[in-house]
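J.: Chain L: place on chain Y using the hints.
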Amino acid sequence: MKRRLIVIANALAVFAGLLVLWQLVLWIFHVPPYMLPSPWAVAKAVGARFPLLLNAFQITAEEAAGGLVFSIVVGVGVALIFAQSRWVRRMLYPWTLLLQTVPIVAIAPLILMWFGAGTPSVTLIAFIISLAPIIANTTQGLISVDENLVHLFLMHNASRAQILFKLRLPHSVPSLFVGIRIASGIAVIGAITGELYAGSSRVGEGGLGYSILYASSQLQTDYLFALVLAATVLGFGFLFLVMFLEWYFLHNWHESARAPEAE
Amino acid sequence: MSPEPAAPMIEFAGVTKSYGNAHAVLQAMDLNILKGEFVTFIGPSGCGKSTVLKLISGLTAPSGGSIRVDGMLPKNARETVSYIFQDATLLPWRTVRQNVGLGLELEGVGKDRRAEKTAALLELVGLGGVAKAYPRELSGGMKMRVSIARALATNPRLLLMDEPFAALDEMSRDRLNEELLRLRAEQNWTGVFVTHSVAEAVFLSTRIVVLAPNPGRICAMLPVDLPWPRTAALRETLEFETLVAQVSHELRGALSQ
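Residue numbers (numbering that gives the first Met the number 0), protein chains in the order written: chain Y, 0 to 262; chain L, 0 to 256.
Because the hints were derived from the structure by calculation, they are not lab data.
Values in this document were obtained by computation on a predicted structure and should not be read as measured data.
Cross-link-like lysine-lysine pairs, in silico, DSS-like; alpha carbons within 30 Å at most:
hint: 1; chain 1: L; residue 1: Lys110; chain 2: L; residue 2: Lys74
hint: 2; chain 1: Y; residue 1: Lys165; chain 2: L; residue 2: Lys74
hint: 3; chain 1: L; residue 1: Lys74; chain 2: L; residue 2: Lys53
hint: 4; chain 1: L; residue 1: Lys131; chain 2: Y; residue 2: Lys165
hint: 5; chain 1: L; residue 1: Lys116; chain 2: Y; residue 2: Lys165
hint: 6; chain 1: L; residue 1: Lys53; chain 2: Y; residue 2: Lys165
hint: 7; chain 1: Y; residue 1: Lys165; chain 2: L; residue 2: Lys110
hint: 8; chain 1: L; residue 1: Lys116; chain 2: L; residue 2: Lys131
hint: 9; chain 1: L; residue 1: Lys116; chain 2: L; residue 2: Lys53
Computed footprint of chain Y on chain L; a stretch qualifies when at least three of its residues, placed anywhere within it, have a C-beta under 8 Å from a C-beta of chain Y:
hint: 10; segment: 74 to 80
hint: 11; segment: 128 to 138
Note that beta-carbon positions come from the ideal geometry of N, C-alpha and C, so glycine has one too.
In isolation and in its complexed conformation, chain L is listed as follows:
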């Protein structure tokens, strides 16, 4: 079953989120994300970027409005969703292979099937050689690859990513961006990404949502019509730089509101 291009993966209708009596973190957000899209949320701190991901994953409930993920309540849709956190969040007592197999193990997938699947994914992210290593032996970039492999092991149709490359140096970040797009082309999941980096947002996305703070809300929505497949060379083109300038401009607007 290939996803229908126009079917919505995520539907936000009048979603509001506030903690206690404090200012609303998100105010009346309406947004549809279609299957196959790669949508990036960008904005200054306090605009509710991470809250959007927490809401989609059902880790927090909205204070008002409704959210549907693949037509279901977020909590019931978790089987189709994987989450990549800002830290690699690997279990230090498990080898790389055991870490990648964690999701499958928790979902009750048998040992043989798990071994097969984790081996394939480690090859895919270029970590076949360190399957038996422990996380402490890996660099930051390698740890993040393990984290990505773990997220993809359960065949998600929706991948949520909360600033996954923020802690990496720029070169590792660029390379992982390219790899992420390659994996997406092969596996066809829908992506929702949160970042502080404008260049990263432009490089990865089909659409960028700029959020403004106090209360968190959508202040601009920009489609990214850059050609596919996107490679390192794209970053040097005029179109890319124009879009980066445009998003930066919107971000400044979001800050001054």
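Bound-form chain Y, shown alone:
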């Protein structure tokens, strides 16, 4: 507990240091506010436009969460198919790499063209970009079961379905969470990137990505900074939520999920 407090105090000290440095740069180099607003100006922008900011935050959060949940459902489903045989994996696995390598900025305009601007398209983009790590990690978890455990199940005449659902699937949960942790970060990035292309075009209805585009075109740099801050908070929020769920589900059993204090 004490160690945790020290960590938090350290983080706060670094944050305060950065703010001081930021203000010093402004004073020393006389940077105009439309290039770099002061920390105080950003704070004021947050206060002044809080309802708008919150609205954008909520839209992006919903798109990213929707994409993430969808990719967990589909990703686990695909992984269950991949776990069935080495042959299926050899044939289909390379195609999931395509998901990872295709640049999302390149296909976002296509999706916009096919499905129109708005939340569904952005959710789809967040889904596509966060799918690969879920598939890869869950598949790994499903197939990396200790051989003796499989033997144990076979000795009790377990069926294929029993081995899959009572052994492989629960065994894959820690790996699934590794995948979700990675995916949660990139789902937020995907949602914001998607909005740059496919966000709602009506002012006040777009998420963070769209608002960033709008603020930069209007040279509202203080609000732009506020939006970047909100995007960061969103990313952190997702990560903390996933880490909490991971702890909640795994602290009883998985060695690597053990809190450092317990070791």
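T.: Chain L alone, transformed into the frame defined by chain Y:
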């Protein structure tokens, strides 16, 4: 139905096992293990000790010869067989009680019957107090007890054990050896055991089979005529030490062949 003392539980006739083109892991093994026996396989690494258990359980098929378990093909005899591995192989997401009930659950035994049976077995191995704990909270010795309870829950008539106590410290190992014999006296199963430890082999067995490597084969067979019940005090007797010396001598022979 009590097992007839002379009926064979396991019959190996000319059993050979090799992987690919490599040296035979086992070469033309003939061996009968009778119901009620406790037979230990001992030998240097590479002599095919673990392969013998894999063959009896039907987890691997022999390359030649025939194997019968309780008169059946190994795969068809699995209902009467339980396997204890070198690691406790517990499912970390299940409590102790749920782990012990695993075999019964897979075989479709109802919930009430399962609860009754697992509770009785946990008492038997002295783990009644930790039924709701998770495996990570247990010591190595306790985990192995859970593993034993799980194996016995399905009422096996044949228990296969692959160096189950190898990872434990000597004191835990000795205690678990004594408990294993107590459980055997109560439940009357046939035991096939694999170990590196000569003292353990002598303490547990009715018969010791010494294997030699390259290719794996039987190089000596020693009956263990020590009195029952065997307790900790037995380890200090002259007869025990004589037998340990004798088995060690045979093992050295197996190594130099």
